[in-house]
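Visitor: Sequence:
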Amino acid sequence: MKSIISNINKAFDHRIRLGIMSVLMVNEYADFKSLKELLGATDGNIASHTKALEKQKYIKVEKSFIDRKPNTRYIASEKGRKAFQEHLDALEKLLNSKNDLNN
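First residue of the sequence shown? That's 10 in our numbering, and the numbers climb one at a time after it.
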């Protein structure tokens with residue numbers, strides 16, 4: 010029998026990664042500063058968690074300069090969008106599952 014939590018993706022276990030992907034699912038992109046402010050996270054938190062998502066190829070990173078200042082922006086990849094949606098579906102299924110303990 011397959012576990013009801015087997016489709017929950019460990020890449021999204023941490024609240025910062027969950028937040029990053031949530032922001033990127035509803036926006037075309039988000040820059041480093043926006044993610045930091047929206048999620049109330051430190052520079053180090055954003056840097057390490059975006060690196061982890063990039064390593065999984067769930068996000069793409071674009072670096073550029075705006076008025077001579079470095080700007081890093083993040084975009085959810087197709088692989089990332091698919092994986093995150095599957096994760097959300099698994100959570101929803103878990104929340105909506107009938108508990109057989111009372112039967």
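Incorrect hints may have been included.
Capping the alpha-carbon separation at 25 Å, the derived lysine to any residue pairs in SDA-like fashion look like this [unchecked claim]:
| # | residue 1 | residue 2 |
| --- | --- | --- |
| 1 | Lys69 | Ser12 |
| 2 | Lys64 | Leu104 |
| 3 | Lys66 | Ala99 |
| 4 | Lys91 | Asn18 |
| 5 | Lys45 | Ser12 |
| 6 | Lys88 | Arg77 |
| 7 | Lys64 | Asn54 |
| 8 | Lys60 | Thr81 |
| 9 | Lys60 | Ser12 |
| 10 | Lys72 | Ser12 |
| 11 | Lys66 | Asn105 |
| 12 | Lys78 | Ala99 |
| 13 | Lys42 | Lys60 |
The hints are simulated quantities; they were obtained by calculation from the structure and are not laboratory data.
Visitor: State for each hint whether it applies.
Guide: Here's how the hints hold up against the structure:
1. Lys69 with Ser12: violated (31 Å)
2. Lys64 with Leu104: Outside the cut-off at roughly 29 Å; violated.
3. Lys66 with Ala99: holds (20 Å)
4. Lys91 with Asn18: Holds, at roughly 11 Å.
5. Lys45 with Ser12: violated (35 Å)
6. Lys88 with Arg77: Violated - the C-alpha atoms of arginine 77 and lysine 88 are around 32 Å apart, more than 25 Å.
7. Lys64 with Asn54: holds (15 Å)
8. Lys60 with Thr81: At roughly 12 Å apart (the allowed maximum being 25 Å), threonine 81 and lysine 60 satisfy the hint.
9. Lys60 with Ser12: violated (29 Å)
10. Lys72 with Ser12: It is violated: about 41 Å lies between the C-alpha atoms, which goes past 25 Å.
11. Lys66 with Asn105: With a Cα-Cα distance of about 30 Å, the restraint between lysine 66 and asparagine 105 is violated, given a limit of 25 Å.
12. Lys78 with Ala99: violated (41 Å)
13. Lys42 with Lys60: Given pair lysine 42, lysine 60 holds - Cα atoms ~15 Å apart, limit 25 Å.
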